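Visitor: Start from chain F and add chain A according to the hints.
The primary structure of each chain is shown beneath.
Number of protein chains: 2
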Amino acid sequence: MKQAILAGDRKVLAQAVTLVESQAADKQKQAQQLLQELLPFTGNSIRIGITGVPGAGKSTFIEALGLKLCEKGHRLAVLAVDPSSSVSGGSILGDKTRMEELSKHPNAFIRPSPSGGTLGGVHRKTRESIILCEAAGFDIIFVETVGVGQSEVIVRELVDFFLLLVITGAGDDLQGMKKGIIELADAIAVNKADGENERKAELTKKEYNQILAMVQPATQGWKTRAYTCSALYLKGLEELWEVIQSFVQTTKVSRVFFERRKLQSKQWLLQSIRDELEARFYTNHEIRQLLQEYMKQVVEGKVTVTQAVEALFSIYEVK
Amino acid sequence: MKQAILAGDRKVLAQAVTLVESQAADKQKQAQQLLQELLPFTGNSIRIGITGVPGAGKSTFIEALGLKLCEKGHRLAVLAVDPSSSVSGGSILGDKTRMEELSKHPNAFIRPSPSGGTLGGVHRKTRESIILCEAAGFDIIFVETVGVGQSEVIVRELVDFFLLLVITGAGDDLQGMKKGIIELADAIAVNKADGENERKAELTKKEYNQILAMVQPATQGWKTRAYTCSALYLKGLEELWEVIQSFVQTTKVSRVFFERRKLQSKQWLLQSIRDELEARFYTNHEIRQLLQEYMKQVVEGKVTVTQAVEALFSIYEVK
Numbered sequence: 007m008k009q010a011i012l013a014g015d016r017k018v019l020a021q022a023v024t025l026v027e028s029q030a031a032d033k034q035k036q037a038q039q040l041l042q043e044l045l046p047f048t049g050n051s052i053r054i055g056i057t058g059v060p061g062a063g064k065s066t067f068i069e070a071l072g073l074k075l076c077e078k079g080h081r082l083a084v085l086a087v088d089p090s091s092s093v094s095g096g097s098i099l100g101d102k103t104r105m106e107e108l109s110k111h112p113n114a115f116i117r118p119s120p121s122g123g124t125l126g127g128v129h130r131k132t133r134e135s136i137i138l139c140e141a142a143g144f145d146i147i148f149v150e151t152v153g154v155g156q157s158e159v160i161v162r163e164l165v166d167f168f169l170l171l172v173i174t175g176a177g178d179d180l181q182g183m184k185k186g187i188i189e190l191a192d193a194i195a196v197n198k199a200d201g202e203n204e205r206k207a208e209l210t211k212k213e214y215n216q217i218l219a220m221v222q223p224a225t226q227g228w229k230t231r232a233y234t235c236s237a238l239y240l241k242g243l244e245e246l247w248e249v250i251q252s253f254v255q256t257t258k259v260s261r262v263f264f265e266r267r268k269l270q271s272k273q274w275l276l277q278s279i280r281d282e283l284e285a286r287f288y289t290n291h292e293i294r295q296l297l298q299e300y301m302k303q304v305v306e307g308k309v310t311v312t313q314a315v316e317a318l319f320s321i322y323e324v325k
Numbered sequence: 007m008k009q010a011i012l013a014g015d016r017k018v019l020a021q022a023v024t025l026v027e028s029q030a031a032d033k034q035k036q037a038q039q040l041l042q043e044l045l046p047f048t049g050n051s052i053r054i055g056i057t058g059v060p061g062a063g064k065s066t067f068i069e070a071l072g073l074k075l076c077e078k079g080h081r082l083a084v085l086a087v088d089p090s091s092s093v094s095g096g097s098i099l100g101d102k103t104r105m106e107e108l109s110k111h112p113n114a115f116i117r118p119s120p121s122g123g124t125l126g127g128v129h130r131k132t133r134e135s136i137i138l139c140e141a142a143g144f145d146i147i148f149v150e151t152v153g154v155g156q157s158e159v160i161v162r163e164l165v166d167f168f169l170l171l172v173i174t175g176a177g178d179d180l181q182g183m184k185k186g187i188i189e190l191a192d193a194i195a196v197n198k199a200d201g202e203n204e205r206k207a208e209l210t211k212k213e214y215n216q217i218l219a220m221v222q223p224a225t226q227g228w229k230t231r232a233y234t235c236s237a238l239y240l241k242g243l244e245e246l247w248e249v250i251q252s253f254v255q256t257t258k259v260s261r262v263f264f265e266r267r268k269l270q271s272k273q274w275l276l277q278s279i280r281d282e283l284e285a286r287f288y289t290n291h292e293i294r295q296l297l298q299e300y301m302k303q304v305v306e307g308k309v310t311v312t313q314a315v316e317a318l319f320s321i322y323e324v325k
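These protein sequences, in sequence, are chains F and A. In terms of my numbering, the first sequence opens at residue 7 and continues consecutively. In terms of my numbering, the second sequence opens at residue 7 and continues consecutively.
Next up, chain F with everything else stripped away, as it sits in the complex (with noise of 0.2 Å):
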């Protein structure tokens, strides 16, 4: 698989990502051997996480200014982390006809999310397959998300640079949005800034950037701004990649681009190290039996907190 992925072979990579996503041990044995052969060719990308409320029209934005980087040549590859398809069986870019253009395009890969799991499995599965991408040879890669969850959190810790679409009607939109999203960003995109809806959405841009001059930015040196733009009448796109190309120039120069991904790789280390401790804990046998009555306890004010987690410390350490 190795070779075929180097070479860039799509159908290939898109069986490492099932390699990635499977949940079978030997399966997962499989694809952490290939990973690790994979990691000297990786790291060479931009990665962009996407993210905005529905009905943002993230779908053909991504087509748009997708199809717009395939035609100057780069490779693109577009993953989705969608941690609600877990609940509600459905599954962002799953429906492929939503970006028919840019699926069918020689240098894009598309690949909607993966099914089920816990946020953290979505978060090494996302990571993995991001590897996996890199190998191939892409150069630009599409994290997207819905803006309604703990989902964009996760995104920000994947990307290099992050992206909030929006439409018009801040006010009503803003309501809908999971709080702090606007100080994840690294620029906002005012989407439908066309026809009609063109000075309404020039408003829209001034609001958030007043917005914006009041919240810490989200990159060290970097100052978030918002833009308008139309995805439907391809404008505006240009200025974003533009402004995409100014971000990775500033924040290489200054470092800052090198530090994040150092300190995004020591924090996945510690999230899995994290991860697995709880996950020994919590399905230990006897610790199952005993932690719902303990819990009972510590929220009916019978017992303290440190007492409940001495006495299920103690169960754990005669195992």
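Among the hints, erroneous ones may be present.
In this list, chains with the same sequence are indistinguishable; a pair is considered to hold if it fits within one copy or across any two.
[Said to hold, decoys possible] Below are the DSSO-like pairs computed for lysine-lysine, each with C-alpha atoms no more than 27 Å apart in a straight line: (1) 268 / 131; (2) 17 / 78; (3) 8 / 258; (4) 212 / 229; (5) 131 / 110; (6) 131 / 308; (7) 78 / 110; (8) 258 / 302; (9) 308 / 212; (10) 74 / 229; (11) 8 / 33; (12) 8 / 302; (13) 8 / 268; (14) 35 / 74; (15) 33 / 272; (16) 131 / 8; (17) 229 / 268.
If you're looking for bench data, these hints aren't it; they were derived computationally from the structure. Keep in mind it's a predicted model, so treat the numbers as computed, not measured.
Guide: Here is chain A on its own, set in the frame of chain F:
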């Protein structure tokens, strides 16, 4: 100690808080014993978090509102969470003269922030100090923190109501604030609304209300609003106290008050379990020796995170 605390003896209460804050194993054991005995007598207070940038006038505000409440017959405990004190060696509330009148009032108990330790440790100590104060009959607890770090997130998890104290010149002040802090607040008080500053403070209040209209409220079923006050001239304090009382009534009727406390207890237990798991892992001798090496290899892209975790846990198992 138990009887003296239940009788409201402030001197013994202070000793008990010292016991809770002690790192020594025997003192910790005593503290837990005491907490366990006092648990049935706790929970009957309004826990109010107060945060704000340095210069917002927190001490003056707490002294002014505090005296008002003590004069109404309430018994008020003021605790502090100051994660920076472990670095700077300083401590908020350390300077007793800051709240001279309040500290002399027979109905008040003022306690500086516990010095040193991790955020998690400060968290535990403050929670347990709240328990002690409640057992001693304090029916209002203020938990003060400087709004420049993770401390306000911790305080939010400790309290029923969270007040953000600001001053005029919103743009500048907001810059200095940790992102997301506004969204934690159940009320925002624009302090120093007196003399020439009054008109500006009204404008600032309006600006905050505009921002608040666009973010999710911190508490379900409660609309966070901005108010003006002058702690120095004792203006607007009565109104704020009415807001807090109205909050408590509303959320008790809707059960949100009790649900939040339950959730806080559960989260405290889960957090304590996580802390204990990580403490054991990271103090393990073999892990300590190998973690840095694996971290380095992960950052340099020489080994995958999953493999690093596997390797570390293979060592941890045979311990």
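Visitor: None of the hints should be skipped; say for each whether it holds.
Guide: Do the hints match the structure? See the list:
{"no.": "1", "hint": "268 / 131", "verdict": "within (19 Å within a copy, 33 Å between copies)"}
{"no.": "2", "hint": "17 / 78", "verdict": "within (23 Å within a copy, 75 Å between copies)"}
{"no.": "3", "hint": "8 / 258", "verdict": "neither (29 Å within a copy, 61 Å between copies)"}
{"no.": "4", "hint": "212 / 229", "verdict": "both (15 Å within a copy, 26 Å between copies)"}
{"no.": "5", "hint": "131 / 110", "verdict": "within (24 Å within a copy, 59 Å between copies)"}
{"no.": "6", "hint": "131 / 308", "verdict": "between (41 Å within a copy, 19 Å between copies)"}
{"no.": "7", "hint": "78 / 110", "verdict": "within (16 Å within a copy, 74 Å between copies)"}
{"no.": "8", "hint": "258 / 302", "verdict": "between (51 Å within a copy, 21 Å between copies)"}
{"no.": "9", "hint": "308 / 212", "verdict": "neither (54 Å within a copy, 45 Å between copies)"}
{"no.": "10", "hint": "74 / 229", "verdict": "within (25 Å within a copy, 44 Å between copies)"}
{"no.": "11", "hint": "8 / 33", "verdict": "within (15 Å within a copy, 59 Å between copies)"}
{"no.": "12", "hint": "8 / 302", "verdict": "between (51 Å within a copy, 25 Å between copies)"}
{"no.": "13", "hint": "8 / 268", "verdict": "within (25 Å within a copy, 51 Å between copies)"}
{"no.": "14", "hint": "35 / 74", "verdict": "neither (38 Å within a copy, 66 Å between copies)"}
{"no.": "15", "hint": "33 / 272", "verdict": "within (25 Å within a copy, 36 Å between copies)"}
{"no.": "16", "hint": "131 / 8", "verdict": "within (18 Å within a copy, 53 Å between copies)"}
{"no.": "17", "hint": "229 / 268", "verdict": "within (22 Å within a copy, 41 Å between copies)"}
When held up to the earlier numbered hints, the structure conflicts with 3, 9, 14 and fits the remainder.
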